[in-house]
Amino acid sequence: GAGVSQSPRYKVAKRGQDVALRCDPISGHVSLFWYQQALGQGPEFLTYFQNEAQLDKSGLPSDRFFAERPEGSVSTLKIQRTQQEDSAVYLCASSSNTGGGEKLFFGSGTQLSVL
Amino acid sequence: QKEVEQDPGPLSVPEGAIVSLNCTYSNSAFQYFMWYRQYSRKGPELLMYTYSSGNKEDGRFTAQVDKSSKYISLFIRDSQPSDSATYLCAMSPFLYNQGGKLIFGQGTELSVKP
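Chain order of the listed sequences is A and B. Sequential numbering from 1 applies to the first sequence in the numbering used here. Sequential numbering from 116 applies to the second sequence in the numbering used here.
Source of the hints: derived by calculation from the structure; they are not laboratory data. Don't take every hint at face value.
[To be verified] Derived CB-CB ranges, DEER-like:
| # | chain 1 | residue 1 | chain 2 | residue 2 | range |
| --- | --- | --- | --- | --- | --- |
| 1 | A | Gln83 | B | Glu120 | 26 to 36 Å |
| 2 | A | Ser27 | B | Gly174 | 21 to 31 Å |
| 3 | A | Val12 | B | Pro123 | 36 to 46 Å |
| 4 | B | Gly174 | A | Gln80 | 38 to 48 Å |
| 5 | B | Ser143 | A | Glu68 | 30 to 40 Å |
| 6 | B | Gly174 | A | Ser96 | 21 to 31 Å |
| 7 | A | Arg81 | B | Glu172 | 44 to 54 Å |
| 8 | A | Gly59 | B | Gly124 | 21 to 31 Å |
| 9 | B | Asp173 | A | Gly16 | 44 to 54 Å |
| 10 | A | Pro70 | B | Asp193 | 20 to 30 Å |
| 11 | B | Ser135 | A | Glu68 | 35 to 45 Å |
| 12 | A | Lys14 | B | Asp122 | 32 to 42 Å |
Here a beta-carbon is modelled for each residue, glycine too, at the ideal position from N, C-alpha and C.
Put together the whole structure using the sequences plus the hints.
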């Protein structure tokens with residue numbers, strides 16, 4: 001497709017459930033980022049992939065959060081044993097560059113609500 | 116204290132007004148400065164991109180960066196109701212081969228009234 005695609009668009013989970021969020025980046029984009037955006041806040045960095053390599057996962061809030069990009073294209077963000085504080089919009093972004101100052105293209109996000 | 120500070124607003128202006136949006140930052144390593152626009156229930160969309168200090172103009176939009184003051188601005192001339200959105204400033208240091216991790220401000224919610 002022409003842009004970054006994320007699914008599902010909305011996800012409701014009961015506290016303690018595991019969830020998996022999918023990101024399809026723009027075809028050919030090497031860099032892929034996950035961000036978390038709480039209501040009324042700016043996006044906060046979670047993790048970064050260059051092709052299939054996860055080069056930076058410093059923003060993952062706990063070991064319940066796990067991300068993968070096994071073939072260097074589609075990425076999945078998994079959250080185990082969800083908590084209410086995990087409720088947020090999870091944004092995926094991709095870029096064709098690998099250096100600093102990349103221009104990121106964002107998907108519309110997955111809105112996660114944990115009840 | 117956050118690395119990037121942005122007044123969350125909300126900001127309401129009449130159609131045709133000049134809008135000024137601002138961010139301050141503390142990390143002198145930031146080299147790349149961007150403004151994103153985010154409509155409700157959508158992802159951020161890149162609006163302006165600037166490297167280091169200076170001005171950049173694109174149509175009705177002007178971005179200014181003053182690295183000595185650690186202050187960036189976005190000006191919108193002849194504002195339109197379609198400009199109503201949340202505006203996010205974002206910054207990145209130069210990290211060769213480590214990706215362009217962006218640090219975002221909180222976002223300013225702008226409403227342009229007809």
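Consistency of the hints with the structure:
1. Gln83/A with Glu120/B: 26 to 36 Å: Given about 28 Å between the Cβ atoms, the range holds.
2. Ser27/A with Gly174/B: 21 to 31 Å: Because 29 Å falls inside the window, the suggested range holds.
3. Val12/A with Pro123/B: 36 to 46 Å: For Val12/A and Pro123/B the Cβ distance comes to about 27 Å; the hint is violated.
4. Gly174/B with Gln80/A: 38 to 48 Å: The hinted range 38 to 48 Å holds for Gly174/B and Gln80/A, with Cβ atoms some 46 Å apart.
5. Ser143/B with Glu68/A: 30 to 40 Å: holds (35 Å)
6. Gly174/B with Ser96/A: 21 to 31 Å: holds (24 Å)
7. Arg81/A with Glu172/B: 44 to 54 Å: Because 50 Å falls inside the window, the suggested range holds.
8. Gly59/A with Gly124/B: 21 to 31 Å: For Gly59/A and Gly124/B the Cβ distance comes to about 26 Å; the hint holds.
9. Asp173/B with Gly16/A: 44 to 54 Å: At roughly 48 Å between Cβ atoms, Gly16/A and Asp173/B fall inside 44 to 54 Å, so the hint holds.
10. Pro70/A with Asp193/B: 20 to 30 Å: violated (48 Å)
11. Ser135/B with Glu68/A: 35 to 45 Å: The hint (35 to 45 Å, Cβ to Cβ) holds, given that Ser135/B and Glu68/A are roughly 43 Å apart.
12. Lys14/A with Asp122/B: 32 to 42 Å: holds (37 Å)
In terms of the numbered hints stated before, the structure departs from hints 3 and 10, listed from lowest to highest.
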